[in-house]
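Asker: Chain order of the listed sequences is A and B. Position 17 (the first sequence) corresponds to 17 in this note's numbering; numbering is contiguous. Position 122 (the second sequence) corresponds to 1122 in this note's numbering; numbering is contiguous.
Calculated from the structure, these hints are not laboratory results. Ideal placement from N, C-alpha and C gives every residue a C-beta, glycine not left out. Check before you lean on any hint, since a few could be wrong.
[Said to hold, decoys possible] Stretch-level coverage of chain A by chain B, calculated; a stretch enters the list once three of its residues show a Cβ under 8 Å from a Cβ in chain B:
(1) 33-40
(2) 73-80
[Unchecked claim] Just a sample of chain B residues kept apart from chain A, beta carbon distances all over 10 Å, derived:
(3) PHE1060
(4) HIS1221
(5) TRP1230
(6) PHE1286
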Amino acid sequence: MATIDLGKHGGGNGGLPGHDHHGADDLSRPYHERYHAAHHFEDREHEFDAVKMGVWLFLATEILLFSGMFCAYAIFRLMYPEAFVNGSHHLDWRWGLLNTVILLMSSYWVAAAVRHAQTNNQKWLQINVFLTFLAGLAFLIIKFVFEYAKKYKEGLLPGKFYSFGGDATAHEPLWWAIYWGATGIHASHVIVGMGLFVWVWLRSRRGHFGPGHYNAVEGVGLYWHIVDIVWIFLFPMLYLIH
Amino acid sequence: MATISSNPVSGHPHHGHDHAHASYLQPKGGFAATVWDWMTTVDHKKIGVMYLFAILFMFFLGGVAALAVRMELFTPTVVTGGVATGQELAKFWGVDARDWAEGNNIYNRTMTLHGLIMVFLVIVPSVPASLGNFLIPLMIGAKDVAFPRLNLASWYVYLLGSMFAITAVIMGGVDTGWTFYTPYSTTTDAESMKVVWMVLGAFILGFSSIFTGLNFIVTIHKLRAPGMGWFDMPLFIWGMYGAAVIQVLATPVIGITLLLLIFERLFHIGIFDPRMGGDPVLFQHFFWFYSHPVVYVMILPGMAIMSELVAVGARKKVFGYRAVAFSSLAIAGISFIVWGHHLFTSQGEVSAVIFSALTFLVAIPSAVKVFNWISTYYRGSITLNTPSLYALAFLFLFSIGGLTGLFLGALATDLHLHDTYFIVAHFHYVMMGGTIIAFVGGIHFWWPKMFGKMYNENWAKVGWLLVFVGFNLTFFPQFIMGSQGMPRRYANYVEEFQIYHQLSTVGSWVLALGFVIHLLTFIHSLVAGPKADPNPHGALTLEWTHTSSPPIEHNFEHEPVVTHGPYDFDDVIPPQTRPGEFQLPKPNPNLKH
Ligand code: HEM
Ligand SMILES: [Cu+2]
């Protein structure tokens, strides 16, 4: 008796397997088939719609957060064009391009993961989620080991930590403030994304996702696309425009 | 478990636990179990009630700081008149108050404390997080908000943010003012982390605000009961929707701003530091790009409450429903393009002219609402109970606040009035005279629904009178001295202004007394108030007509079906309001599930 009510009346924690409309739950069926929407939704589709809308709204806030950085970039670039051109010369566009390619591929993988959830291809779902995670890791390694570490050693740092020995124009530390600020906030989003992929991967191994229920895969996937798109703007802005 | 097999009336097989039919306030077992139940609840009603008490507590703290500030201003000098209170404050901050500079220092910290608490911990979350949380699902006939766990998360994030702010206070408080203007905020208290803690607190509170707003938008879009189209929604929902849109779209910008401020303090990155080529005015732009829209996050929920108080108080359809609904959206939209009016003295002349012109636009939708409420009262049959009195107070006070906003929006007058007490009076008339007055009116209005108890109407009216008189006594003199040149944020002043300051301080005592009486009335109601009927006001919205007072755990016995508008008082005979006569509607047999 006790288990019967869990899903429907657990007070909105829609993750738990619940009471079936048409008879008792067959625990041998995979989780995503047994899954019931939280009690305040009519059905899974209704819940999926709501989740998707929520994620989109959240992504709007992410874009607005970054827009502050873009805005600061535009203003200071107008004020000190030379400092920005010079600063940008210290960046190696090849690393930037490599990271762009990596993120684009990862965006494909996560989209494929959603597709495999929809078609109930459990094995490839897991593989794709894992690949996306690896791509995030590769991005961070390139960023930290081949870019940040080098800049750090050369003293190409924001504000008062700036201690570059070579030629520099006035106000170059401001360029580095924008560079470190924008890419740093972006990198922190990559780290959060990787954490989310671990969570999705663990759940996918337990058969949580399938054609009728893949909210988390979809949501995390959308988030990852935004992380990707932000980078696609950061890359030319910081590495290419001279 | 007795009811598990079926519920013959509804044909609804899922009602498992008995408690699903009991009041949401019913304790779950012993004390510890009940506390645990509240701490982990995902029920929007409980979260709303917890928010309500937390916000009222913060309002009390901010109020104490305000009384201290007013006390200090009773006399023109910092030390002499301030000695008594000054030393009390000094003990609190742990400094020597006999020193003139220390006196100023204490004053600045107390004033900042007041502003920060009232803005970030009280007004921004006030109506949405408490009444909004409690009422939105009930009003649209839903069982909960779209993301109940996110809702609980928002509550804990609010607590976390408050903790950061309180830590900053315990470390000695900050003296930046609630606006954190650079370069002062990046250099003051240089050797300590206080400002960083405070700014982090505000940053974290922003997330709580985003979570709430996001939740409301999705809830309103996706969870309306069958039969409830967009224009069948109570206007409360429209107002909350407008506020939620601003919360979601403006808060990230303050997020990045505060983050940059923290970077600036910790790493001295130079973005806001002119010595390194940075621009302190950029901070002001960023700050007000959020903080102007956020004043509408504050007022729209107040306006949302107003529409209900006016319609039910006058027993009439709201005049121009669509105009009131769309004006909420118009306000939300326009609020994003007027931030420059806070920078008239620090930006270029051309942009100042443009921002001045845009600022006048925002007065239009605000005025539309005021006119429509007044027209709603026209030939209505008005019940002059406490909620109605608060609605009338709102109309009066908000109009003064809004009209003086126009003085400030006009460039020539603003150059004279900027940074004087006129500004202080203006924003208190809109924030306190608007939002807080509506909030208190709303708490009275929905009190019977939330707690199932009636309050003593006479004492509530006494409280209302003191609040209304005290408010005007406190803030009206500030318009006068401001227009005569009394600058804001000073602990001392020239003697000519003393009479206005003293009136204002006396007013703050009257105001405080009014709130104390409200508090006692509420406590009395909880302890000994008579039981409330489901619909004591004879209103037509779902939270009154379709569920008991207080509501059951799952809100409704049967999913409500909306068959009439929220204010169709002429077409629908509202359910009787005499005790014992109210009947909850029978379920609709044609409804599946
Ligand atoms: C009719 C619409 C309104 C207009 C035209 C208006 C206009 C203005 C202007 C031009 C200023 C800047 C004055 C200066 O600093 O020199 C100002 C300040 C302010 N207004 Fe309004 N306002 C309106 C409504 C509101 C509302 C509804 C609220 C809040 C609920 C509000 C809250 C504030 C606050 C907090 C400040 C001062 C902030 C500070 O410097 O600390 N205003 N208003
Ligand atoms: Cu403004």
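Asker: Take the hints in turn and mark each one as holding or not.
Answerer: Against the structure, the hints come out as follows:
| no. | hint | verdict |
| --- | --- | --- |
| 1 | 33-40 | holds (count 3) |
| 2 | 73-80 | holds (count 4) |
| 3 | PHE1060 | holds, 31 Å |
| 4 | HIS1221 | violated, 6 Å |
| 5 | TRP1230 | holds, 15 Å |
| 6 | PHE1286 | violated, 6 Å |
This entry does not satisfy hints 4, 6, going by the numbered hints stated previously.
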